[in-house]
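K.L.:
Given next are the chains, with one letter for each unit.
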Amino acid sequence: MTDSNTLSHLDLETPEKPFLDANELVINMGPQHPATHGVLRVILRLDGEKVLGLECVIGYLHRGVEKIGEHRTYTMFNPYVDRMDYVAAVSNGLGYCETVEKLLFVEAPPRAQHVRVILTELNRIASHQLWLGTHALDIGAITPLFYTFRDREEILKIYEKYCGARLTTHAFRIGGLQYETYAGFEKDVSNFLQFFRPKIDEYEELLTTNRIWVERTRNVGAISAEDCIALGVSGPVLRASGVKWDLRKAQPYANYKNFDFEIPTGQNGDTYDRYLVRIAEMRQSVRIIEQAVGALPEGPIMAKVPKVMKPAAGEVYHSIEAPKGELGYFIVSDGSTQPYRMRVRPPSFVNLQALEIMCRGQLVADVIAVIGTLDIVLGEVDR
Amino acid sequence: MIAKFRGTYGSGFAPLTYAGQNYMVVDRSLIPDTLRVLRNEEEFDYCVDITAVHYPKREKQFDVVWVLYSFARNERIRVTTQIMDGESLPSSVSIWSGANWLEREVYDMFGINFDGHPDMKRILLPDGWKGHPLRKDYGILQQDNEWVQINLGIESGQ
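Order-wise, the sequence lines are chains A and B.
In terms of the working numbering, the first sequence opens at residue 1 and continues consecutively.
In terms of the working numbering, the second sequence opens at residue 1 and continues consecutively.
Okay, chain A solo, but in the shape it has when bound (with noise of 0.2 Å):
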């Protein structure tokens, strides 16, 4: 093979040598780049459409969270945690807020972790909604977008009457919740429920047989299950290549134990299963909703927390379920009103990993399809 900065000339002389060279491209995708979901420059190395492989350059979005963190009280902290994984703001706060009340050794109380569930997987639901339209639209089916934007729009206007807010919410405070829910609150999302179960067999109408969906999906970005435990992926990617491993079943927090869903798998760990798992994943979310909301129990919403919080010296890790997998929080206490270290374990970053293996072999455009199943949001990624 010639020097790749060299282009080989035209040989008429000896016609049975290949006219061209078949030699390696190396090409820059975004940062700035509709489908890569936010700012994350992948450099791809081509040979022709195969992709040999490549290399993830992130950080665009880095703001120094843990940073930040480390200069706020526990209380001032708590909204920025929203900013990580915007599409998953609840959740992000219900893994905080949950690791702080492990280190004051304090439990919310029972109502409170009812309305936490039910916001959190309304959230899911969102999330996945969110996921689902963008990555059809990376596919190139237009449709889905509009469908679970719309439907998305539903579950926004719970948490605005809720809380204010529509996408950073800000739900949750340490020890429970800030607000009682408002009247009419298990009507809407009663409502919202009904609503929205047939809606996800539009989407399965729209996507789950249709051919095209099928043919840029089906063995698209496959992963085995050994190589998502090496590499650590969580979430539905983990769940897609056939482990049946979800942290709301295998530790489970706030009161999760008290449902009745079931973990969704797959067997292929391709793009298509990942579609299947995360469909199957907003009914169960349905399913643990529905429970949620029929046996509201009636009592506080806020523990017994001091005003001013300096939880005692040492150190938790605590993580939840979020959509995208194992979003973890390691704390660092000395005694003082400020974290001494706060680190966040985002499943977005630890996913975005995988993207490696998931596409060496395939083409080009399956990148795209690949970055679009992995479900990442930027700004977790780079905190």
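One or more hints might be untrue.
[Said to hold, decoys possible] Simulated crosslink set (DSS-like; lysine-lysine; CA at most 27 Å straight-line):
hint, chain 1, residue 1, chain 2, residue 2
1, A, K67, B, K4
2, A, K67, B, K136
3, A, K310, B, K136
4, A, K161, A, K199
5, A, K199, A, K157
6, B, K60, B, K130
7, B, K57, A, K310
8, B, K60, B, K136
9, B, K60, B, K121
10, B, K121, A, K67
11, A, K67, B, K60
12, B, K121, B, K136
13, B, K57, A, K67
Everything labelled a hint here was simulated from the structure, so no lab data went into it.
We have chain A already, so just place chain B on it with the hints.
P.N.:
What follows is chain B alone, placed relative to chain A:
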């Protein structure tokens, strides 16, 4: 497991519990062995996180923390070791391939080197950046002004 570890490593190993969570403080020299045994013999096959904590007043300035999980046992454990500034650690990429980016982030944020890492470079900050922002002596408003001026063409990012 704990009895086995104590039998093998003696005083270099201390099992601790806080808020119902198990972690162990292990001597720096025992780290390669401990991680390998945890992965291969105790089935901790999922490396959840690798991170560090900076204590500038201590002689051994850094705590490096591995958060591990075992699917088979449904159990989580943390391994902590203390190292001095400038001291490096063996990379665990050969044990868990997912450790790659996590170790790079520790290097980026704290300046701790991992020997044998396939691609030890910064991950979130640009390559030419000076300083490691999660060290306690790095101010919250501090930045690499020289880098900002050369690469962004502005006086300051503040």
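K.L.:
Now tell me, hint by hint, if it's right for this structure.
P.N.:
Hint by hint, here is what the structure shows:
Distance check on the hinted pair: K67/A and K4/B sit about 38 Å apart at the alpha-carbon level, beyond 27 Å; violated. Between the alpha carbons of K67/A and K136/B the distance comes to roughly 9 Å, so the proposed pair stays at or under 27 Å and holds. Only pairs whose Cα atoms come within 27 Å are accepted, and K310/A paired with K136/B is accepted, the gap being roughly 20 Å. Proposed proximity of K161/A and K199/A is supported: the alpha carbons are some 22 Å apart, at most 27 Å.
Pair hint K199/A plus K157/A holds up; C-alpha atoms about 17 Å apart against a cutoff of 27 Å. A hinted pair counts as satisfied when its Cα atoms are at most 27 Å apart, and K60/B with K130/B qualifies at roughly 22 Å. In summary, the hint linking K57/B to K310/A is supported, as the alpha carbons are separated by about 22 Å, within the 27 Å threshold. Between K60/B and K136/B the alpha-carbon distance is near 14 Å, which keeps this suggested pair within the 27 Å criterion.
Taking the CA atoms of K60/B and K121/B, the gap is near 23 Å; set against the 27 Å cutoff, the hint holds. Among the hinted pairs, K121/B with K67/A is consistent with the structure: their alpha-carbon atoms are about 20 Å apart, no more than 27 Å. A hinted pair counts as satisfied when its Cα atoms are at most 27 Å apart, and K67/A with K60/B qualifies at roughly 21 Å. Among the hinted pairs, K121/B with K136/B is consistent with the structure: their alpha-carbon atoms are about 21 Å apart, no more than 27 Å.
At roughly 19 Å between alpha-carbon atoms, K57/B and K67/A fall within 27 Å of each other, so this suggested pair holds.
Taken one by one, the earlier hints fail for this structure only at number 1.
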